[in-house]
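S.K.: Input sequences plus hints: build the corresponding full structure.
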Amino acid sequence: MYSPRYKSDAAPASCWTTPRRRLIQVRKSAWWGKNGCGKSTLLALLKGEIAADGGTHTFPTNWALAWVNQETPALDVPAIEYVIDGDREFRQLEAELQLANEKNDGHAIATLHGKLDAIDAWTIRSRAASLLHGLGFSNEQLQSPVRAFSGGWRMRLNLAQALVCRSDLLLLDEPTNHLDLDAVIWLERWLKGYPGTLVLISHDRDFLDPIVDKILHIEQETINEYTGNYSSFERQRSTKLAQQQSLYQHQQEKVAHLQSYIDRFRAQATKAKQAQSRIKMLERMELIARPTSITRSASASASRKACRTHCCAWRRSAPATAKK
1 MYSPRYKSDA APASCWTTPR RRLIQVRKSA WWGKNGCGKS TLLALLKGEI
51 AADGGTHTFP TNWALAWVNQ ETPALDVPAI EYVIDGDREF RQLEAELQLA
101 NEKNDGHAIA TLHGKLDAID AWTIRSRAAS LLHGLGFSNE QLQSPVRAFS
151 GGWRMRLNLA QALVCRSDLL LLDEPTNHLD LDAVIWLERW LKGYPGTLVL
201 ISHDRDFLDP IVDKILHIEQ ETINEYTGNY SSFERQRSTK LAQQQSLYQH
251 QQEKVAHLQS YIDRFRAQAT KAKQAQSRIK MLERMELIAR PTSITRSASA
301 SASRKACRTH CCAWRRSAPA TAKK
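The sequence shown begins at 1 in full-length UniProt numbering and counts up by one.
It is worth saying that the hints were derived from the structure and are not from the lab. Remember, predicted model here, so these are calculated numbers, not experimental data. Errors might be hidden in some of the hints.
[Stated by the list, open to error] Distance condition first, Cα-Cα at most 27 Å in a straight line; then the derived DSS-like pairs of lysine-lysine:
1) 34 with 240
2) 47 with 34
3) 28 with 47
4) 271 with 34
5) 39 with 240
6) 115 with 103
7) 192 with 39
8) 280 with 28
9) 39 with 28
10) 254 with 240
11) 271 with 28
12) 273 with 254
13) 47 with 192
14) 280 with 254
15) 254 with 271
M.R.: Here it is, written out as structure tokens:
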């Protein structure tokens, strides 16, 4: 999906907190958190699919957003044409040029050629073919109708649609689903060279590590930013949790000591004042939450690492076609 020159007044939900900085101010970031923490909801907000309860967010002027459609209709359109359809601006200019040619409008033709030159339109077919080859499609399959492909391969077509767009911000939610190892490795290289801003959601740390330079960790309705890739995030997070655990244990010991004093001397007239003072001390104390451990989904990483080592489990298979 391509959203040209997108700007939205929708905003991240007001129940979430983050330091006062732009969330998308880095070139390539990954959003990490447990399932259900709200990663996909945030993406939907950025895409303008849902409205927020409060707050604001804006994009730089004339930014173009791209993301992967989740639905693929059973069309008779050839695969490569379907991918090119993702660039709506190109298709619009192409249609206008055809109309200008039919009217033999020289001025309009010259103007449209200038606009097409500006968006590098003359290479879009070769770029679309290159994307499809990288995602596992053969030359013959580029001309196969979309309806001929199974659901997983249609999702690859949707991914190619998003990648062919000339976007400033690319939003990808678990893009390696439905991909074999060859396609995953190709996508990794492609995203490393992507010149725009990337927001990536994935539970495959081996896929994230070479690509991203920031991790936005979403936990307990709070977003915390970590500089570096996923491995760096794990180390930083582990150190942070160890520090929090130490502070938590120290506070719990202090709470237990105060509570013990209160329980022991509250009923004694000579100690009641001191006990009451400690009760107020407990009431004023800002309790430290019990630290949560890092949760990482190792299954995808382990599988992919095994594939890299043994080169047998993820071999590319021919695209499955829908049964007639």
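S.K.: Each hint needs a verdict: does it hold in this structure or not?
M.R.: Here is how each hint holds up against the structure:
1. 34 with 240: holds (18 Å)
2. 47 with 34: Within the cut-off at roughly 21 Å; holds.
3. 28 with 47: Status holds; Cα separation ~17 Å.
4. 271 with 34: Measuring from Cα to Cα gives roughly 49 Å; hence the hint is violated.
5. 39 with 240: holds (22 Å)
6. 115 with 103: With a Cα-Cα distance of about 19 Å, the restraint between residue 115 and residue 103 holds, given a limit of 27 Å.
7. 192 with 39: holds (22 Å)
8. 280 with 28: Distance ~48 Å between residue 280 and residue 28 Cα, so the pair is violated.
9. 39 with 28: Holds, at about 16 Å.
10. 254 with 240: holds (21 Å)
11. 271 with 28: violated (61 Å)
12. 273 with 254: Between residue 273 and residue 254 the Cα gap is close to 19 Å, so the pair holds against 27 Å.
13. 47 with 192: Satisfied, since the Cα-Cα distance of roughly 23 Å is no more than 27 Å.
14. 280 with 254: Holds. Residue 280 to residue 254 sits at ~14 Å (cutoff 27 Å).
15. 254 with 271: holds (19 Å)
Violated hints, listed in ascending order, are 4, 8 and 11; each of the other numbered hints is respected by the structure.
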